[in-house]
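Student: Use these hints to put chains C, R and L onto chain H, whose structure you have.
Chains as they are written, first to last, in the UniProt record's numbering: chain H, 1 to 341; chain C, 1 to 341; chain R, 1 to 341; chain L, 1 to 341.
Derived from the structure by calculation, the hints contain no laboratory data.
Be a bit skeptical, because a hint or two may be false.
Stated by the list, open to error - Which residues of chain R face chain H? A partial, calculated answer using Cβ under 7 Å:
id, residue
1, 238
2, 266
3, 267
4, 268
5, 270
6, 271
7, 272
8, 273
9, 275
10, 277
Computed from a predicted model, the values in this text were never measured in an experiment.
C-beta atoms are modelled at their ideal positions from N, C-alpha and C, and glycine is treated no differently.
Protein chains: 4
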Amino acid sequence: MVKPIVVGIIGAGRIGRLHAHNLRVMPSFTLKSIAEAVVSEDLLAWAESRGLGPVFVEAEDILNDPEIEAVFICTPTDTHATWIERAARAGKHIFCEKPISLSPQQTSRALQIAEEAGVLLQVGFNRRMDPSFRKLKQLVQSGELGSPHIVKITSRDPQPPGEAYVRSSGGMFMDMTIHDFDMARYLMGEEVVEVYTRGANLVDPMFGRCEDVDTAVITLTFASGAICVIDNSRKAVYGYDQRVEVFGSLGSATADNCRPTTVEVSTAASVTRDQPLHFFLERYNQAFTDEVAAFAQAVRLQEPIICSGIDGQQAERIAEAAKESHRTGLPVKLQHGSPTA
Amino acid sequence: MVKPIVVGIIGAGRIGRLHAHNLRVMPSFTLKSIAEAVVSEDLLAWAESRGLGPVFVEAEDILNDPEIEAVFICTPTDTHATWIERAARAGKHIFCEKPISLSPQQTSRALQIAEEAGVLLQVGFNRRMDPSFRKLKQLVQSGELGSPHIVKITSRDPQPPGEAYVRSSGGMFMDMTIHDFDMARYLMGEEVVEVYTRGANLVDPMFGRCEDVDTAVITLTFASGAICVIDNSRKAVYGYDQRVEVFGSLGSATADNCRPTTVEVSTAASVTRDQPLHFFLERYNQAFTDEVAAFAQAVRLQEPIICSGIDGQQAERIAEAAKESHRTGLPVKLQHGSPTA
Amino acid sequence: MVKPIVVGIIGAGRIGRLHAHNLRVMPSFTLKSIAEAVVSEDLLAWAESRGLGPVFVEAEDILNDPEIEAVFICTPTDTHATWIERAARAGKHIFCEKPISLSPQQTSRALQIAEEAGVLLQVGFNRRMDPSFRKLKQLVQSGELGSPHIVKITSRDPQPPGEAYVRSSGGMFMDMTIHDFDMARYLMGEEVVEVYTRGANLVDPMFGRCEDVDTAVITLTFASGAICVIDNSRKAVYGYDQRVEVFGSLGSATADNCRPTTVEVSTAASVTRDQPLHFFLERYNQAFTDEVAAFAQAVRLQEPIICSGIDGQQAERIAEAAKESHRTGLPVKLQHGSPTA
Amino acid sequence: MVKPIVVGIIGAGRIGRLHAHNLRVMPSFTLKSIAEAVVSEDLLAWAESRGLGPVFVEAEDILNDPEIEAVFICTPTDTHATWIERAARAGKHIFCEKPISLSPQQTSRALQIAEEAGVLLQVGFNRRMDPSFRKLKQLVQSGELGSPHIVKITSRDPQPPGEAYVRSSGGMFMDMTIHDFDMARYLMGEEVVEVYTRGANLVDPMFGRCEDVDTAVITLTFASGAICVIDNSRKAVYGYDQRVEVFGSLGSATADNCRPTTVEVSTAASVTRDQPLHFFLERYNQAFTDEVAAFAQAVRLQEPIICSGIDGQQAERIAEAAKESHRTGLPVKLQHGSPTA
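Next comes chain H alone, as it looks inside the complex (with noise of 0.2 Å):
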């Protein structure tokens, strides 16, 4: 049996929580300590509920832990690149959630940092593992659908987030459709050459005062002349909407949403089903776990980062030129040499 990993989280919110949850009963993994700023009454009962015991430490001291192998950077997102370059230099492998940083410059810093101190990285695009996204990635790589001339995604929220958070979030595209355009790169594995953006303000006047979009539909051109249609509303009022299609010269294949049951009722008003999932945690449960599982499996095992620190700086330049594209009206074109896996 492999001996597990030893892992620190930095940062005990939503999803530092949930990782927490998910870490505590995997084998691969042995979570020693959670850094919080804040060690609230709430947060005690939340760990005791899990029985994680007196797992609460200063962050400095996760660092400096000899026996901790990997941290899991879960602050917020302006301090993630800080900590992706302070967990390299103290040697820990390092998955970070999404986005690196809201700065390009932070964000190669924070990459090169990362690769000068040989620890692992991975960025959380947990999507990348969602079961039917996968098999969408299979069917293109095994060449099933041909090759891929349209791939259309569809990403809507259930509700917007408050105005405190929009105004922190780096905007819509750097917060919302970064995974969006992470799919487009991940599904086509190749490289966006240009960014069209038509976004509006449709669903809350808030978005257009935090000079932010809450509606948009952009088109990613790919080097080989395919071509990406992502839509986005922040408000779909029936529930989080999370559709992906990839089309090819040889087929077609769609992922739907999943929904709590198969149950479909007829009667005589109406014949109903059960509106999706209702948000990520619930929708990308099993992705959660798999990126996880995956990144033990790159610690312990050597298989590649299933989503390194370079995908999450394409898709973050993919959304900077999004924002200019909406900015300026018109299309904006990408230069990049880097690979995508």
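Tutor: Leaving out everything else, chains C, R and L in the frame of chain H:
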């Protein structure tokens, strides 16, 4: 009982025969004459099998026949406008296949002459009458979906046309996407203010030789800020792919493909169901009849034309803009005060 | 071109009119005469709207008309057998609605006379021609499903008929389930050897007053050991529920309901799609035309009758057995060497 | 926070290990001990991979351990009743896999002893906790479907068990259909008064040699007149087929199969989607956890047992009746005043 409308058909190619096949059994119509340049053996056999009797005459005879009230123009596209003008001057109501012409000037002139002559003019965007798309329209009009934010139209042909057809077609946007431009206006009930086209030649180099595309994603922006995205391919190997989605502030509605049967087969190898209905004659079979029935109601009962000359003209304008956007690589703005029904 | 078959229709109720509506536009047929006891204003208006002209005659005139080759018997059930005998003696080919009679003796006699007269007799089990059920039959015949082990038929009407109809119907098994008995034989291609009925009166006490049931599950055992189960209700509030499944050693195939559109609507309240097509005229619209086209092929091209008098008789025998099983509460064995197509 | 329930598991075969796997991460439970006749290398490796530590003891030790409050009985069927009796006498609450025994007398005795001992006894009909079937139950209970008239249960295994298993299983009705008998009672909330079985040996002659069937349709009649029909096969080549439908006076609800992904692939050859989740461990994964969570709530919070000893006993009675009906070829009546939750 309302008196049947006596009609003549000019042009007995595929679409002319289709209308003749339908008209002969509709109580609202009496099909009296058909004009076709060359009355072949094949055409005579077809007419006999439909019990049509001695219907073949010169086009002139149709226009000069005082008993004939309405004319169906089913000739090649480049003659539509001329026939509209001649039929209008002869005082006939007109059902004309799309597009009206490949030239904005010709289209304008034909509309003007028809208006001056006081005849009704219906353009054959038959998809407006497809039962599923009509239901989408009703959902939008009833307000059940709230304000429309995003419209998505997938329109892919099962196989590409031949090179001769492509060369005379006016290009994919004018020949194929024009249906989708009309669908977008029909569903939204407002005008397009900007068009961005991303086209590619991925299916067959022949399209490139004809300076045409075979694959495209087109983004339409509406005056309200709503966004429509259309994706097209000249070759969907699995069949005729015709799907539409309207996403609004209060809900979303999708119209899926139609299939010959509802049978699903599960074996050790796979779970399969039918491919989509093969092509437009099958898929829009009902719509072809219903658009003609609506024309009868407009002629006899003064109901509004379901797709007017203006509708035909607006779709052509969008197609022109799409071509220009493809040529320049930039979004193209549209200006027109013309209202849509 | 093959010469059209000149036909007369005896009985111009709902089903007689349906056949007339279809026959008048089918090139294989010339509908010459219709006999109906009372030619009402309503009937005349209906005929005018279909452009039928002066078709109404006495039934005798149809039988005596040497030009008429085939007769459609669309009278009330209790006169079917008599009309079969008279038409057969007049040398007419016969299309007769189901059932042939409510009495085994009458049915036998009618079949015998038709056979002696050498005329073709087709019974109107139209569902055999439903595109989905035909596909099931083809899957069974091709061996793709292996040996059939279980057949499941769901057949539920959207609303119960009136008391007068129920009293003269011969009971639910003879009136409604008889279609399902025929479907079971058609799909299996072999004979039923035992019937067990579990019936109930749950929808409306009226059925109980008429000594009939409104809800039933009927188990049929075939000679091969394969089992068919039929479930019926006289009232499915959500519409006409018509589904069939064939489960075999190599796979299973299901035929689902047909719906008016493919639209799915997702709102904050629900995700809905259309109810099934409302009733048999809509659901089996295509089948009604196709069964008549098949009759033309049998008359003109000597193709086998798709549903013979023997098929009609066998379904009646199963219905009789189902009634007896319901009465006694015990399974009932069937013995007959009659082969099925 | 509620104190965890300390449990021991007797029997570490497939199902015992499944419960151990789930219990070890549920905060409501502390899994202290597992008894298995032979603690193999394989079993030790499995335990290590789950981080279970030194849990293996003699079954006696579990019963004698005053800290252990509840026992999970996961031994072969023929020892369930004995272990229930011993655990009850030791004052342990009991979770027992189905069936309680293969003998009505043994089952009665075990229930009586558990009742006298005042311990809770839950029977492992896990399907009651399947999210889709729970939703059906809620729809029945809420009255949304009106009075249930027909319940249809399809339950087909992906592949037959081996001969040794079949010989000791008590026969298909007791081993496999028993789940469906429980589902019928669970959904209807009332008792079965008559059973008619039509069984066959169509899958493999081995079942015939074991005097068992591999294919069956079973009709259950309820006191209210409602009818349930179950169809079973030991071999559905396309996978584990588990569907339920409840048809009532106000509507119908269906629960379809669950599949690994939502991907649909359309090619020139076919349109395919995933086969059903392979077998019970996958399909009822959630249900296995939820039934145990419900057990915890019954033990700690005095909530009603979701599947009692009486429920287990009633399903066995129906299975006995089904066997007798198969043997005699006649319907079998059931008499029992025992109410169902």
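Student: Have a go at the residue 277 (chain R) hint: is there a Cβ in chain H nearer than 7 Å to its own Cβ?
Tutor: Violated, because the Cβ-Cβ distance from residue 277 (chain R) to chain H comes to roughly 12 Å (cut-off 7 Å).
Student: Can we keep the residue 271 (chain R) interface hint, with Cβ of chain H closer than 7 Å?
Tutor: holds (5 Å)
Student: Can we keep the residue 273 (chain R) interface hint, with Cβ of chain H closer than 7 Å?
Tutor: holds (5 Å)
Student: For the hint on residue 275 (chain R), just tell me whether its beta-carbon gets within less than 7 Å of chain H.
Tutor: holds (6 Å)
Student: Can you verify the interface hint for residue 268 (chain R): is its Cβ closer than 7 Å to any Cβ in chain H?
Tutor: holds (4 Å)
Student: Would you check whether residue 267 (chain R) satisfies its interface hint, that is, whether its CB is within less than 7 Å of any CB in chain H?
Tutor: holds (6 Å)
Student: Let me know if the C-beta of residue 270 (chain R) comes in closer than 7 Å to any C-beta of chain H, holds or violated.
Tutor: holds (5 Å)
Student: Taking 7 Å as the limit, does the beta-carbon of residue 266 (chain R) come near enough to a beta-carbon in chain H?
Tutor: Since the shortest Cβ distance to chain H is 4 Å, the answer is holds.
Student: Would you check whether residue 272 (chain R) satisfies its interface hint, that is, whether its CB is within less than 7 Å of any CB in chain H?
Tutor: holds (5 Å)
Student: Does residue 238 (chain R) pass the interface hint, meaning its C-beta sits closer than 7 Å to a C-beta of chain H?
Tutor: Because about 4 Å separates residue 238 (chain R) from the closest Cβ in chain H, which is inside the 7 Å limit, the hint holds.
Checked against the numbered hints listed earlier, the structure breaks hint 10 alone; every other hint is satisfied.
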